[in-house]
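Chains A and E supply the protein sequences, listed in that same order.
Mapping to my numbering: the first sequence position 148 is 148, numbers consecutive.
Mapping to my numbering: the second sequence position 47 is 47, numbers consecutive.
To be clear, the hints were calculated from the coordinates, so they are not data collected in a lab.
Possibly wrong hints are sitting among the right ones.
[What the hints assert, rightly or not] The list that follows gives simulated cross-link-like pairs (lysine-lysine, BS3-like), each with its CA atoms no further than 27 Å apart:
(1) A:93 to E:216
(2) A:199 to A:210
(3) E:216 to A:143
(4) A:107 to A:235
(5) A:107 to E:216
(6) A:245 to A:199
(7) A:210 to A:143
(8) A:254 to A:107
(9) A:208 to A:143
(10) E:311 to E:216
(11) A:5 to A:245
(12) A:131 to E:312
(13) A:143 to E:312
(14) A:235 to A:254
(15) A:131 to E:311
(16) A:93 to A:199
(17) A:208 to A:107
(18) E:311 to A:107
(19) A:199 to A:143
(20) A:255 to A:245
(21) E:216 to E:107
(22) A:255 to A:235
(23) A:235 to A:245
(24) A:77 to A:235
(25) A:131 to A:245
(26) E:312 to A:107
(27) E:216 to A:131
[Unchecked claim] Far from chain E by the CB rule (all over 12 Å, computed), these chain A residues:
(28) 13
(29) 33
(30) 62
(31) 152
We put the beta carbon where it would ideally sit given N, CA and C, even for glycine.
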Amino acid sequence: MSDVKLPLYGEMADPTPKISVRGLDFFYGDHQALFSNDIDIAPNRVTAVIGPSGCGKSTHLRVYNRIFELYREQRVKGAVLLNGENIFAPTVKLLDLRRRVGMIFQKPTPFPMSVFENVAYGIRLHYAVSKSELDGRVEEALKGAALWEEVRDLLNRPGTALSGGQQQRLCIARAIAVEPEVLLMDEPTSAIDPIATAKIEELVEGLKGKYTIVIVTHNMQQAARISDFTAFFFKGYIIEFGATKQIFTNPHNKKTEEYITGRFG
Amino acid sequence: MTRFHEYLSEHFETIFRWFTILCAGTVLLIMAGMFINLAWNARLAIGEFGLGFLWSDAWDPALNEYGAFSSIYGTLVSTLIAMAIAVPMSVVIALFLVELAHPTVSKVVGSAIELLAAIPSIIYGMWGLFVFAPIMAETVQPFLQETLGLEKVPGLGRLFTGAPMGIGMLTAGLILALMILPFISAVMRDVFAMVPPVVKESAYGMGSTTWEVTHKVTLRYGIQGIIGACFLGLGRALGETMAVTFVIGNAHRISPSLYDAGNSIASTLANEFAEASEPIYLHSLIYLGLVLLVMTFFIQLAAQWWVARLKKSMGAGL
Ligand SMILES: Nc1ncnc2c1ncn2[C@@H]1O[C@H](COP(=O)(O)OP(=O)(O)OP(=O)(O)O)[C@@H](O)[C@H]1O
Ligand SMILES: [Mg+2]
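Take the sequences, apply the hints, and build the full model.
Shown next, in the form of structure tokens:
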């Protein structure tokens with residue numbers, strides 16, 4: 001049986017990818033940062049993106065929610081399909097795309113408002129809800145981000161008054177409050193301490209039941225621990241992509257092996 | 001190395017600390033000195049009129065009766081007009097420069113604004129009197145009278161009654177607005193430019209429009225700086241002398257119409273010092289100056305209190 005439509009991650013997950021990227025090139029002005037990237041992101045799984053600094057991991061992620069379009073000199077070529085629909089098609093509504101594809105950054109980015117308002121921000125943006133329903137949704141999102149117990153009495157405090165790890169979970173709560181399908185995380189733990197990192201890793205494990213997660217990390221152990229699939233980026237190319245276990249135990253490419261064993265990067 | 005050098009390097013920390021304390025102390029000293037000096041030189045008027053000076057609208061050099069009310073009123077009204085126009089416009093200009101404009105446009109317009117802020121106030125005054133006031137008299141004031149006058153808008157229309165002479169409270173307020181606008185815009189632009197791109201990106205990443213990012217995140221993030229900019233502008237408007245003196249009309253009068261001539265504390269001082277022959281006249285003018293100083297002082301205090309309160313409630317970024 002020769003199934004030509006098998007996704008790039010093989011048979012280990014849902015045969016219809018959440019996101020399919022084909023022939024993606026990316027340009028910062030004249031500088032090309034990504035070269036014909038092909039990848040499939042499995043639904044309800046964690047896909048790790050690894051590679052040395054400057055290889056294009058963040059650039060690649062920033063295409064999925066079209067956030068790069070904020071900068072006029074940045075351009076893409078190629079296709080990115082979300083649920084089979086090209087995100088660059090004129091029928092796709094940009095604001096709704098960004099609701100469906102949430103993003104968490106390296107440094108926590110709480111807005112200058114209270115904890116409650118931070119989470120309510122996106123809900124108010126996309127849904128018309130009553131006050132009591134809003135309260136419920138905020139609580140639910142904070143619970144989803146494993147933060148509720150810690151902040152239930154601090155809801156009116158500024159979001160910036162929380163600890164770094166709590167702020168990052170607040171940002172996750174804010175992102176999941178709008179019921180996204182995909183969560184993009186760009187080195188979400190590199191600016192916080194090991195204990196807070198462990199909490200976020202645990203959270204990611206729990207979240208993948210509901211969301212599709214793509215996470216950039218420089219921490220090989222982290223990638224091995226929490227991801228199902230791993231993509232290795234090098235100089236703008238996706239050199240190797242496959243099941244995390246295979247990538248870390250039996251990499252096919254020599255560069256991948258050198259990188260994960262810490263010989264460069 | 002001389003003994004002096006040795007001593008210096010050994011005790012540098014201590015000496016430096018005392019030096020900084022001295023410098024900082026000088027500021028306090030100057031401020032206290034100003035208050036005391038003004039109060040002393042106004043003592044005759046303070047003794048004669050007391051606090052009643054503040055709400056007395058008498059100003060009669062012939063009878064030696066003086067009150068600050070018309071000057072305070074004029075200062076507040078002209079400043080209010082200026083702020084009501086300049087602040088919203090500055091926010092819009094600054095947002096345009098930072099968020100919307102093409103970088104080249106932003107640079108050119110930004111430099112133009114900085115140049116405007118550097119124009120000496122006497123130029124604004126002359127331009128106001130010779131160019132702007134005639135335009136007001138011939139076009140703007142008749143137009144306002146037609147559209148917002150007493151027949152069209154009862155109540156509020158009172159503001160636009162009287163002969164359109166070109167000079168008066170409204171013209172003074174507009175000139176003041178023009179003067180503080182570039183100043184406030186420039187500071188606000190810097191404030192908006194300091195909002196970290198990643199915070200804006202995460203707001204856009206939630207699916208916000210530019211407008212939502214602007215008024216829910218950027219404005220809040222920069223709120224302390226914005227308030228700071230406004231109060232700096234306010235301080236400037238309150239004390240502005242030359243430009244206002246040229247166009248306000250200089251009459252000790254309190255009129256509901258913005259077309260009427262009035263005066264401000266600063267313009268009264270500029271106009272009447274030369275004429276103050278009697279000691280009580282001079283002391284009254286200095287008393288007026290003291291009132292302006294105290295007003296400015298309390299406004300700055302209020303600004304600081306407001307910013308501190310905001311900081312507590314939203315932990316704004318700056
Ligand atoms: N705003 C920009 N303008 C121009 N070039 C950029 C810009 N951002 C990134 N680049 C370039 O694009 C390439 C990829 O950068 P990117 O930030 O995607 O790398 P990364 O893999 O995320 O690195 P890191 O691990 O350090 O975060 C680099 O060569 C970088 O210099
Ligand atoms: Mg990066």
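Results of checking the hints against the structure:
1. Between residue 93 of chain A and residue 216 of chain E, the direct Cα distance comes to roughly 21 Å. Compliance with the 27 Å bound is thereby established for this hinted pair.
2. At most 27 Å may separate the alpha-carbon atoms for a hinted pair to count; residue 199 of chain A and residue 210 of chain A meet this at roughly 18 Å.
3. Between the alpha carbons of residue 216 of chain E and residue 143 of chain A the distance comes to roughly 25 Å, so the proposed pair stays at or under 27 Å and holds.
4. Using a Cα cut-off of 27 Å, the hinted pair residue 107 of chain A and residue 235 of chain A holds, with the two alpha carbons roughly 24 Å apart.
5. Between residue 107 of chain A and residue 216 of chain E the alpha-carbon distance is near 20 Å, which keeps this suggested pair within the 27 Å criterion.
6. Proposed proximity of residue 245 of chain A and residue 199 of chain A is supported: the alpha carbons are some 23 Å apart, at most 27 Å.
7. Restraint check for residue 210 of chain A and residue 143 of chain A: satisfied, since their Cα atoms lie roughly 14 Å apart, inside the 27 Å limit.
8. Taking the CA atoms of residue 254 of chain A and residue 107 of chain A, the gap is about 32 Å. The hint is violated against a cut of 27 Å.
9. For the suggested pair residue 208 of chain A and residue 143 of chain A, the alpha carbons sit about 15 Å apart, so the restraint of at most 27 Å is met.
10. Straight-line distance between C-alpha atoms of residue 311 of chain E and residue 216 of chain E comes to about 16 Å, which keeps the hinted pair within the 27 Å bound.
11. Taken as a hint, the residue 5 of chain A and residue 245 of chain A pair is honoured in the structure, with Cα atoms around 23 Å apart against an allowance of 27 Å.
12. Distance check on the hinted pair: residue 131 of chain A and residue 312 of chain E sit about 24 Å apart at the alpha-carbon level, within 27 Å; holds.
13. Under the criterion of a C-alpha separation no larger than 27 Å, the hint pairing residue 143 of chain A with residue 312 of chain E is consistent with the structure, at around 26 Å.
14. With a CA separation close to 15 Å, the supplied pair residue 235 of chain A and residue 254 of chain A stays within the 27 Å bound.
15. The hinted pair formed by residue 131 of chain A and residue 311 of chain E meets the criterion: a straight-line CA distance of about 26 Å does not exceed 27 Å.
16. As the CA atoms of residue 93 of chain A and residue 199 of chain A are separated by approximately 34 Å, the hinted pair breaks the 27 Å bound.
17. Of the pairs offered as hints, the one joining residue 208 of chain A and residue 107 of chain A holds, with about 22 Å between alpha carbons and a cut-off of 27 Å not exceeded.
18. Simply put, residue 311 of chain E and residue 107 of chain A have alpha-carbon atoms about 21 Å apart, close enough for the 27 Å limit, and the pair holds.
19. For the hint linking residue 199 of chain A to residue 143 of chain A, the alpha-carbon distance of about 13 Å falls within 27 Å, and the restraint holds.
20. Restraint check: the Cα-Cα separation between residue 255 of chain A and residue 245 of chain A comes to about 17 Å, which is no more than 27 Å; the hinted pair holds.
21. Restraint check for residue 216 of chain E and residue 107 of chain E: satisfied, since their Cα atoms lie roughly 25 Å apart, inside the 27 Å limit.
22. Taking the CA atoms of residue 255 of chain A and residue 235 of chain A, the gap is about 11 Å. The hint holds against a cut of 27 Å.
23. Restraint check: the Cα-Cα separation between residue 235 of chain A and residue 245 of chain A comes to about 23 Å, which is no more than 27 Å; the hinted pair holds.
24. Pair hint residue 77 of chain A plus residue 235 of chain A holds up; C-alpha atoms about 17 Å apart against a cutoff of 27 Å.
25. Restraint check: the Cα-Cα separation between residue 131 of chain A and residue 245 of chain A comes to about 46 Å, which exceeds 27 Å; the hinted pair is violated.
26. Restraint check for residue 312 of chain E and residue 107 of chain A: satisfied, since their Cα atoms lie roughly 22 Å apart, inside the 27 Å limit.
27. For the proposed pair residue 216 of chain E and residue 131 of chain A, the alpha carbon gap of about 19 Å is at most 27 Å, so the pair holds.
28. The beta carbon of residue 13 of chain A is kept farther than 12 Å from every beta carbon of chain E, the shortest such distance being approximately 26 Å.
29. Here residue 33 of chain A stays apart from chain E, with its beta-carbon at least about 17 Å from theirs, past the 12 Å limit.
30. A beta-carbon of chain E is positioned within 12 Å of the beta-carbon of residue 62 of chain A; the least distance is around 9 Å.
31. The Cβ of residue 152 of chain A sits about 19 Å from the closest Cβ of chain E, beyond the 12 Å cut-off, so the non-interface label holds.
In summary, the structure is inconsistent with hints 8, 16, 25 and 30 from the numbered list given earlier, while agreeing with the others.
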